[in-house]
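Trainee: Counted from 1, the sequence shown has number 76 at position 77 by numbering that gives the first Met the number 0; the numbering is strictly sequential.
Careful: at least some of the hints might be erroneous.
[What the hints assert, rightly or not] Cross-link-like lysine-lysine pairs, in silico, BS3-like; alpha carbons within 30 Å at most:
1. K49 - K33
2. K421 - K112
3. K419 - K359
4. K559 - K505
5. K91 - K419
6. K341 - K106
7. K249 - K262
8. K262 - K232
9. K505 - K563
10. K689 - K678
11. K689 - K608
12. K82 - K206
13. K523 - K563
14. K341 - K608
15. K559 - K678
Hints listed in this document are in silico derivations from the structure and should not be mistaken for laboratory results.
All values derive from a computational prediction rather than experimental measurement.
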Amino acid sequence: MTSQKWQRTSSIHLHFSFRHSMVQKVFSVEIGDKVPGETRVRRSILSPDKLVETPAQGVHTLYDVLQYAAKNFADRNGFGYRKSLGTVQEQKEVTKMVNGTETKQTKTWTYYKLSDYYHYTYHEASQYTQIIGSGLKQLGMKVGDKLEIFAMTSVEWMLMAHGAFTQSLTIVTAYDTLAAEGLRFSISETESMTCFTNADLLPMLLKVLPHCPSVQNIIYTGEVPEAEIESLKSSFPQLKAVMSYDQLLKLGEEYLSEPNPPKNEDLCCIMYTSGSTGSPKGVLLTHANVVAAISGLNRMLQHLIEDGDTVMAYLPLAHVLEFLVENLCIFFGLTLGYGTVKTLTDASVRECRGDFAAFKPSIITGVPQVWETIKKTVMATVALRGPKIEKIFHGAVDLKSWLVDNGYPTGVLDKVVFRKVKQQLGGRFRYAISGGAPLSTDTQRFLSLTAAPILGGYGMTESCGMCSVMAPEQFAYGPVGAPVPCTEVKLIDAPEAGYLSTNEPKPQGEIWIRGPSVTAGYFKNEELTKESITPDGWLMTGDIGEWNENGTLSIIDRRKNLVKLSNGEYIALERVESVYKSSTLVENLCMYVDSLCPRPVALMVPVEKTLRTICQEKGLEVDDYEALCADRKVRNVVLEILHDQAKKSGLKGTELIADVWICSDLWTTEMGFLTAAQKLNRRVITEHYKDQLDQM
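Please model the entire structure based on the sequences and the hints provided.
Mentor: Below, the structure is given as structure tokens:
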């Protein structure tokens, strides 16, 4: 084994040993003078003197990133995708209570049938983007014009974006789960000229089209009847072209143009946030911003990359984390495999393997909701094998934790006990990056021990997705790592909650970020820009953090989610919620605090199967699910389980919920309870359950 190969292997497969042997290593350094009311500025130990801006010579834009990959990895598979082979319908009999009477109903479930993975090489992808850019130019798009992408994550999404970059066009991103008002807002505010979408999303686009006079062209993937196309054109005279993605390729091939690449200061993307705090905000990201973020991650993570690494691409590309990571993978020359949340596992497809099993990723990016779901699926599978096996499994988890903490090998446990967990994720899973929201320590620990290390990261759209990230040599449960080499970070006092830069042993405060990856502001919103970014370039994140002894950062909560109880103590809602959500009983949970009360209450969506099993064990069987959720005895049992979870995780007495309301309906984006990024929309949730909250 070469020394280079050993270094890579030790970084991943022996990652836990760093926690034992390198505790004293510091991963960020202080620079500058101490200013009252704030900590000294910290930078990565990899960039103490100058923040990085470019990952390689000549790479200054996202156009350059793909050209770099096409030059250095021309024949390597870059983009994997599957073709739809139709659907399979299965009928199942379910029992429901109707007006107090048990009735049997037949329901139809639809499953997807997919091909194996096909691939574009990096050379082919580069050619396709030139063709797409030529097609967009032929449709009348000029430098700086806006291409709205309202579509599911797919290879076409990424190729359309890079096609736009070949002609110095700006993309505008919108979540495919966005409601009509949010979509209308993003199109009309940016005056987007062309919209790229999926056939399934056309009806939503048509809803807002009467209010979006700037739209002249629509490009879609999938099948749309010709009669519908003609009807669309006649109904909206403003439309000059309505064509399929394949027709755009033919147009581009016929009128192939030379690329007109962007400059690094040009606007790459207007990325709309998911709107959990009102109207969506359009964050301005230049090519320089995105490339600087890629450069920071490259400097920090390049030693982890191995030949043959494959990355599962399934999160919304309208989310900055997925957009950044996929473009980083392009720079590294890795193979991206596109999938969907609906087809990741074997359980959701028929006559084929799920995306994980078919693609076999070695690296996975995820958000807390994904990791919580995987953890609960594993634990439910183990529980089905009986209490004896369940006890052995959890004993093995605790044993591995002890072995890791004391620097002993764990290969036997991995092969004998945890092999099937990794197989559920394709069998090659080496490590994952988690972002988007706080991940509970309990879930991070469980999956890191049973599957592969889950590396925490922290950032926001305004920082191009990156502020800090945890490399394996920094591994610990809870922290989100050291500042990435393209940013510098400081903490500012939040005196109303006692978070001060002078606190011992850990300085605390609101996180401020500065660097070449940080946005210049918000589209057509100078007032919000001034509220969020200081004249000297510091982005005020609104998040509360603390510095650890080794120079890594931990997130405590959002400043706006720090709420005061009647006894004067503050509770960090998101941090505490993440603890409760790690319970196998919880599908989702929203805490609520009344300033006149000494403790919070919670609204909880349960995992129905788990709740019914628990009730059966307690002799509390109620056939009607809605009645089961409302039953006071059931709520008491659930409250006890949540208290056990809280105490096990070390929550304080004031963080124990005083009562819980069990919600029988799942919370979805369609209901408005979740944002497009799957975050809680607290205002909508609390308004909907106002009567129940008043009762508690």
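Trainee: Confirm or reject each hint.
Mentor: Consistency of the hints with the structure:
{"no.": "1", "hint": "K49 - K33", "verdict": "holds (19 Å)"}
{"no.": "2", "hint": "K421 - K112", "verdict": "holds (23 Å)"}
{"no.": "3", "hint": "K419 - K359", "verdict": "holds (14 Å)"}
{"no.": "4", "hint": "K559 - K505", "verdict": "holds (21 Å)"}
{"no.": "5", "hint": "K91 - K419", "verdict": "holds (28 Å)"}
{"no.": "6", "hint": "K341 - K106", "verdict": "holds (19 Å)"}
{"no.": "7", "hint": "K249 - K262", "verdict": "holds (28 Å)"}
{"no.": "8", "hint": "K262 - K232", "verdict": "violated (36 Å)"}
{"no.": "9", "hint": "K505 - K563", "verdict": "holds (22 Å)"}
{"no.": "10", "hint": "K689 - K678", "verdict": "holds (20 Å)"}
{"no.": "11", "hint": "K689 - K608", "verdict": "holds (27 Å)"}
{"no.": "12", "hint": "K82 - K206", "verdict": "holds (29 Å)"}
{"no.": "13", "hint": "K523 - K563", "verdict": "violated (35 Å)"}
{"no.": "14", "hint": "K341 - K608", "verdict": "holds (19 Å)"}
{"no.": "15", "hint": "K559 - K678", "verdict": "holds (15 Å)"}
In the structure shown, a violation is registered for the earlier hints numbered 8 and 13, in ascending order.
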